[in-house]
Structures are given as structure tokens and as C-alpha cells.
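If you want the building blocks of each chain, they are given just below.
2 protein chains.
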Amino acid sequence: MISKNKIKYIQSLALKKKRKEENAFLAEGPKIVTDLLENFVCRTLVATEEWLKRHPHIQLSPKLLEIIPVNHDELSRASLLKTPQEVLAVFSTSSSTFDNKLIEQSLCLALDGIQDPGNLGTILRIADWFGIEHVLCSADTVDVYNPKVVQATMGAIARVQVHYCDLHKVIKDIQSKGIPTYGTFLNGKNIYEQSLSSNGLIVMGNEGNGISPVIGNLIDQRLLIPNYPSGRKTGDSLNVAIATAVICAEFRRRAM
Amino acid sequence: MISKNKIKYIQSLALKKKRKEENAFLAEGPKIVTDLLENFVCRTLVATEEWLKRHPHIQLSPKLLEIIPVNHDELSRASLLKTPQEVLAVFSTSSSTFDNKLIEQSLCLALDGIQDPGNLGTILRIADWFGIEHVLCSADTVDVYNPKVVQATMGAIARVQVHYCDLHKVIKDIQSKGIPTYGTFLNGKNIYEQSLSSNGLIVMGNEGNGISPVIGNLIDQRLLIPNYPSGRKTGDSLNVAIATAVICAEFRRRAM
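Going down the list, the protein sequences come from chains A and B.
Numbers 1 to 256, taken from this note's numbering, label the letters of the first sequence in order.
Numbers 257 to 512, taken from this note's numbering, label the letters of the second sequence in order.
A few of these clues could be false.
[Claimed, not checked] DEER-style ranges, computed between Cβ atoms:
1. 441(B) / 31(A): 18 to 28 Å
2. 485(B) / 101(A): 50 to 60 Å
3. 66(A) / 441(B): 53 to 63 Å
4. 198(A) / 446(B): 13 to 23 Å
5. 99(A) / 351(B): 37 to 47 Å
6. 434(B) / 230(A): 20 to 30 Å
7. 63(A) / 449(B): 35 to 45 Å
8. 350(B) / 207(A): 40 to 50 Å
In short, the hints are calculated from the structure, not lab data.
Every residue gets a Cβ at the ideal spot worked out from N, C-alpha and C, and that includes glycine.
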């Protein structure tokens, strides 16, 4: 049995303002919820009684504060999804700090103004696959705790750390230490002919406008994913998540 | 001025049954519509008067049968988009035939049960970028003329040819001629350690279930996109469009 107030609270987390106030976010579906339970504090888990019976070990999770068993009708009323998925949960947001030294020691991604929740979620899933543990986001990038982003990560949000920051400042700082910065540009150099390091920052830009000029001017390695046959007239560009995947795959291939 | 019947007709093209009956489909937005005008017969183009004034050359297009100038309100009523984009158009579907020889001569993609319109659209955009001119689809793959697919291609649908067919039959036939077939499998072999040809068929599978067993059993080159560090526990898999991009990029890198 779930109260009307609890349903109202859960649904209010669709709003960024409310998520900020509460330092909380919503995740739905068995895969994402169980992935998140490993690393995030779960304030409330709402699940059908059938699902809870099939997952008795859930109750042993040390980071789980409250369980509310519901029927399908109650779950539907709490869910933001068209097709509710047996379980949803409210988690505390994490407030990890970021040290630029991490870019010196490993390969990191920076997102400059990504707007589409599906793109951000997909990019985190790519980062997860390719072992990129930290993703920096400009302040105008979509909120990682937006429910659509959370769903699109398919659970990767449990493993990849996302930090909102002043990208300009970070890049200035790491460049003063000689750490390489990479970005894709339609007038960049063929990525397959460039040397790629196993640390540094790969910057990906906004869906419509690419990397902003103020950031773009700082980047020292301007890369291009060549089309085929090279130089042939095609569509204007690849989707940003697609480009991120091809670039991350190539960096990791070199490091193998 | 656009008639109520015309609006009803345009909106009916959201339905696959209607598209089949009419051999027609809907595309919206200046980029996609102008791309399509190069290769497809346009039965009706509906655009704001402002847009038509700014694009006088449109009227010279030999494949354009009818132009209906409208105001913003009329456009909104005809459009399937939340944010209508100045122009939309009804095109005749193309009925090109496919010859398996094309797989002998070039690299082609085959999609086995792709369900999500956004994924199919994105895959066609990838094919366009990497110069893959023909994409074969199993009968249970989402309809390429679904308006959501058309929008997601960002115009690539104007250049990449899509053929619905019996994949099993095609693969049997090309294998009898010694043409290689590739697919991705979680237990496949590291793609970076395999030889890749510049012709043949790359098969990509359904979002949830991957390549169907009946097709999977036929594939002779089983590939894996390695995660990083290799073998590390991550999410279950990459999204199918993301995997398609990484694979196509690698095939084309080898052919450079």
C-alpha cells in the first residue's frame, strides 16, 4: 500500500528543481534499480509483491532504507513510464568531488552542452563499456538525474561518475600541465592518422552546434571520423553518441 | 490553404497499413525534405509561405508534383511533430529490387528484427556516413517509412537503399558463393584480431535478444567489440546502433 503523498513525491522527481531540493532521483526497472543499489543509497523502493518474492535478497541490501510493496495498479500510478516495470526506486544523488588529476591518470570524457536525455544516457553506457570512469559536463548539459537519462543509461549511471563543472577552467588547468585534449571537428584530422594517448580529455559537443567556440579554441588535438570513401558527400555529421562510441573504441583499440 | 481531407490523408500516413496501400510516406523538416527531393517523387509538399519564398528553387524540382502554401496554424494541424518545422512532404515509396550480387561487390548491412524506430533511423545515418549503400531488413524489422524512422535518418533515407527480405535465404545464397557473413556476439572473437573483408554482409540483431538463433547459426565470422579493460564487468552490452557504428568504422578503417 502506497500513500498518495508518496506517489506525488515520486512523480515530483520528474522536475529538476525538485531533484535539486531533495538531492534525490528516480530510477525504474529491475536492471537499473539493482545496478544502482550497489553504489547508491536507496530511500524508497516500490515494487510489486510478486517481484519482491522473486528477489528476497534485495531486502538484505545495506543501502536500502524503505520497501513499499504495491499492486500493479499502484505501481502504474507512481511510475513515469508508459509501461511500468515491476520496480522503481528513489535514490540519493551522489556528490563526489572531481580532481583534475584523474584526467592526468586516465582517459575522461567532457560533454559541452549535450541537450538530449537519450544521448547523455547512451554516452554514459558507452563510457561504461569502454572503461571511462569520469564524465565531465558543462553546466548547460542536460541533468544526469533526469529520469529519461537514467533510463537510457541502462544501469551505467551506477558505475560512471558524472561531474558538472566549468569545462573552460578544467581545460585551461590540465593544459598547463601538458595533458592532451581531444575534440571532433568536421575540419579535424583523420583520427586514424593521429597519435592518441591513454590519458587526457575527449570533448564532445552539442547536437546541433558541436563544441562551443570558447571551448573549441582551447582543444589541441582536432579529430575527424572519416567517412567512406573519404570525402564523399554524405549527411552532415554523425549523431554525437555515435561519434563518441567510434572515438572511444579507437582510443581503447590503441591502448590494447 | 490546405483542405481537411488533405490533412487527414497526411496524418493517416502514421499508419503502416495506410502507407502500404498508398505506397507513400511522410517526411518533415527542411533538411530531410530537400534531401529526399533529390531521389524520391514528392506527391505533395506543404510549406509555410515564408519558407517557400526563401526557397524559390524548390519549385523547379522535376520530382515535385504539388505545392500547398500554408500558414503556421495549418502546418501544425497537418504535422505529426510536436514542433512542426516549416515544411513537410508526402513522397512515393521506392520499390528498388535487390540483387545478392551487391553483397559480393560491396559491404552491406542486414538487420534482424530491429524494433526501435530511432535505432533504425540512426543505423541508416551510420550506413550513409560509412558508404554502405544497401541495408537488408528481416520482415519483422520496423518499417523504414515509419515517420519516426524517417525523422531519425536526418536525410540518410534519401541515399541508403533499404530492402525487406528473407535474410535466411539471402545468407544461404551468398554463403554458397563464398561471400563472408559477420555478426556480433557476446561470445564472439575480438574484432581487432580478425581479418575483415571489403565486401560481404554484417548482420546486427534485435535490441533485446540479439541475432535470432536461426540466422546466428549461419554466420561464419562471429565478432565481439571488446570492452576495456578487456573482460571487465560492465553493462550487458552496447546499444545496437552504437555497436553498428563501431563495427562499420572498423571495417572502413581497414579498407583505407
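The hints, checked one at a time:
For the pair residue 441(B) and residue 31(A), the beta carbons lie near 20 Å from each other, so the given range of 18 to 28 Å is met. A hinted range of 50 to 60 Å for the beta carbons of residue 485(B) and residue 101(A) is inconsistent with their spacing of about 20 Å. Between residue 66(A) and residue 441(B) the beta carbons are some 41 Å apart, a value that contradicts the proposed interval 53 to 63 Å. One distance hint, 13 to 23 Å for the beta-carbon pair residue 198(A) and residue 446(B), holds here, with the actual separation near 18 Å.
With their beta carbons about 60 Å apart, residue 99(A) and residue 351(B) fall outside the hinted range of 37 to 47 Å. Roughly 29 Å separates the CB atoms of residue 434(B) and residue 230(A), a value that falls within the hinted 20 to 30 Å. Distance hint for residue 63(A) and residue 449(B): a CB-CB separation of about 40 Å, consistent with the stated range 35 to 45 Å. For residue 350(B) and residue 207(A), the Cβ-Cβ distance of about 29 Å falls outside the hinted range of 40 to 50 Å, so the restraint is violated.
Hint compliance for this structure: hints 2, 3, 5 and 8 are broken, all remaining hints hold.
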